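**Student:** What follows is the residue order along each chain.
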Amino acid sequence: MGVTRLKRTDAVIIGVGWTGSILARELTKAGLKVVALERGKFRTPETDFALPHIRDELKYAVRQELILDPSLETLTLRHEINETALPFRRWGAFMPGMGLGGAGTIWNGMTWRFAPFDHEMRSHIAARYGEGAIAADQTIADWAMRYDELEPFYDRFEKLCGTSGQAGNLRGRLIEGGNIFEGPRQSDYPNPPLTPSRGGELFARAAKNLGYHPYPTPSANLSREYRNPEGAVLNPTIFCGHCDRFGCATNSKASPNSTILPVLLDEPLFELRCDSWVTQIVYDKAARKATGVRYVDTASGEEYEQPADLVLLCAYPFSNTKLLLMSGIGAAYDPATGRGAVGKNYCYQVTGQVPVFLENEEINPFMATGANAMNIDDFNGDNFDHEGLGFSGGALIFASPTHGRPIMGRMTPPGTPRWGRAWKEATAKWYGHAFTIHASGANFAHRHNYLDLDPTYRDKLGNPLVRMTYNFRDNDRKLSAFVTGKAVEIAKAMNPTILGAPMPRRGNFHIVPYQSTHNTGGTIMGADPGTSVVNRYLQHWDADNLFVIGASTFPQNPAPPPTGAVGALSYWTAEAITKRYLAAPGRLV
Amino acid sequence: MVDQPIGRRNFLKGAGAAGTAAAAAMTGGLSACAEGQTPAQQAQQNAPASEPMMTLTPTEAAFLGAAYDTFIPADQYSPSGTDCGMVVYMDRQLAGAWGTGARFYRAGPFLQGKPEQGYQLALTPREFFAAGIAAANDWSRRTYGKDFDRLDPAQREEALKTMDAGKAEFTDFNSKYFFDQLYESAMEGFFADPIYGGNRNKVSWKMVGYPGLPATYASKAAEYRGKKINLPPQSIADLS
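Protein chains in written order, with the numbering used here: chain A, 1027 to 1615; chain B, 136 to 375.
If you're looking for bench data, these hints aren't it; they were derived computationally from the structure.
All values derive from a computational prediction rather than experimental measurement.
With a cut-off of at most 20 Å between alpha-carbon atoms, the simulated SDA-like pairs for lysine to any residue come out as follows:
| no. | chain 1 | residue 1 | chain 2 | residue 2 |
| --- | --- | --- | --- | --- |
| 1 | A | K1455 | A | P1443 |
| 2 | B | K249 | A | N1534 |
| 3 | A | K1455 | B | K341 |
| 4 | B | K296 | A | A1448 |
Construct all of the structure, not just a fragment, from the sequences and the given hints.
**Tutor:** See the structure below:
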């Protein structure tokens, strides 16, 4: 079958989630003609996220209607390099998005900035604790830009989303009730914080009594009506408890679908092609240029080549890594020698939990959004002394139910039978009187945690799946035990009727229980072409006109959710392209 | 699957025996749980049901009914699993896209992995439940001398616990693996929106106090915080 060669365009974008939408918007504003390729379906909130059917827990949360269909593409996993990787036949631990809006459609709306520490992790740890505090197999690295350089772009993303939060550090002035550990922000959140839930309130009170500094989650589920700088209007959240894994029926959750796409779809310079699965970036190795992309129209099976002056790789971290490996752009990472960078420093999120049961408290778990928890940063990053602890990094510790959906959101105290009368009685008794305290911890890069192409298993189009070689390492298990212990301390301070069983991460990484869809790395940023894939403008070292954007560029995964930084990096790169690259195409560093 | 003819005949012959799902399946008609009745009254009214099955064989339906009734016995909180429609739920699930392998990576080779690598069988959910039920009944016959649905409540309880512990020695099948999927199907059927056939009359939502949808608390989030919310649950059908 032949490949149909299409007419050249100024820029082609691979993947239309947060990064693809932001880049498309900024590039069309600069006058570029943009073709955006999304392999999933076209969808709009009016038709696809409409009441009452969108509130179907079985369809969306359990059967994962808006998640990447594993029969099209999945991953394989092995824990160590001498093992055989096997496919994730169903998703469990995490769930990549699919369709117009990508994971940005189905997220919970937690919109953090990473702290200055997170941007300078390696040099900070070495300076405070000595080089010896970083183990030889911890391949952590500093970001390629500092927090204060990225600050205006975090701000832009917050204004796009209408993020509702409480500032804790406004131009150096610390504000009680906000996150006093955050980096200095130049302006306040565009909207006030959400009303905390009862669970969040109880957590915050206990944490405060222990001397910690609770603050509300920066939320992309809005506290009031808001018109963003693109002119899109978002509504206040109704606390319906259907954020993660769902599209928002009330336009209250900032997503590409609610904040940018309505504007882009009316933009003459923007052309969206859904059902378009990119299989290759066409690379002219001699010229060190990407000349376009090849994709398959999944509706017809026809293959196309779309030539473009600029190629923007904006897919999820696994696909960003896969496309570079399949296209032969840059050297694949080799864990034996440490050489090559594509696939290097894959990271995940190291979590821990403890449930609390409070018989005299009405928690109303269903009256929630995905982002109205109360949080502490006292054990995040390097906000506490690590001397003698035997690990680096920390976790965000937070509490509030994010939903009370009954298939997946039920808890019974330890010792309750799993079924029968006693189980029913306990379920009826405790459903409304329990919640979980969570720790979302950093995952340090490790030389044996990486991505490459699987030698055996193939996707629906016959291309290799991405193989993940990944396990929790010593730092991760110690970190999880420590921060879960802190969560237990706060839980006890609530005087719970019953304290649930603490669940730090122990043993091997397990693909079945859901943990977090915060997957990072594989195309990391850096200052050295030998150890990174992209430079500080997320421009590929081996192709000046190829930019790789998203969490795949994080050198390691800090503790808080990544989306705020993904949005900030998108605006950062968009500005580098529109202000500098277009004036003088070439390497920006 | 191994469906022993003798088992089938016994199943049919024993249809009148007390305490079996098969018995329930041969008597009474379908009726939905009604408002304003105790769960026990609802259970009686529901006493089903020669409900037609899309894909489950009578043996499979009897097995699932017996398992679901053990997980969800009739009491003050709800009618039994069968009377809540859970067998109907699972029959529709197995007959539909999910049952036949939708959203499931099915390319080989199929190798045995570590537990942490998750499900690695080639079987679709429909095939998995067919094989699993056959293996469970085979084990039940070897252990108790009869199919699972013919066991008395104490024996059913014991049999499920043995499977849950992975100590039931199924032929060519991991009993813990089967149990986990069986259990998951029960929780899904019992708590899913009634549109799927289980959770008739929103009994599980009433049991826990889940108000369903549309759940608009915007202006009331502060007012309701920490207070009991007593709203009759609304389902997709109520709002369609």
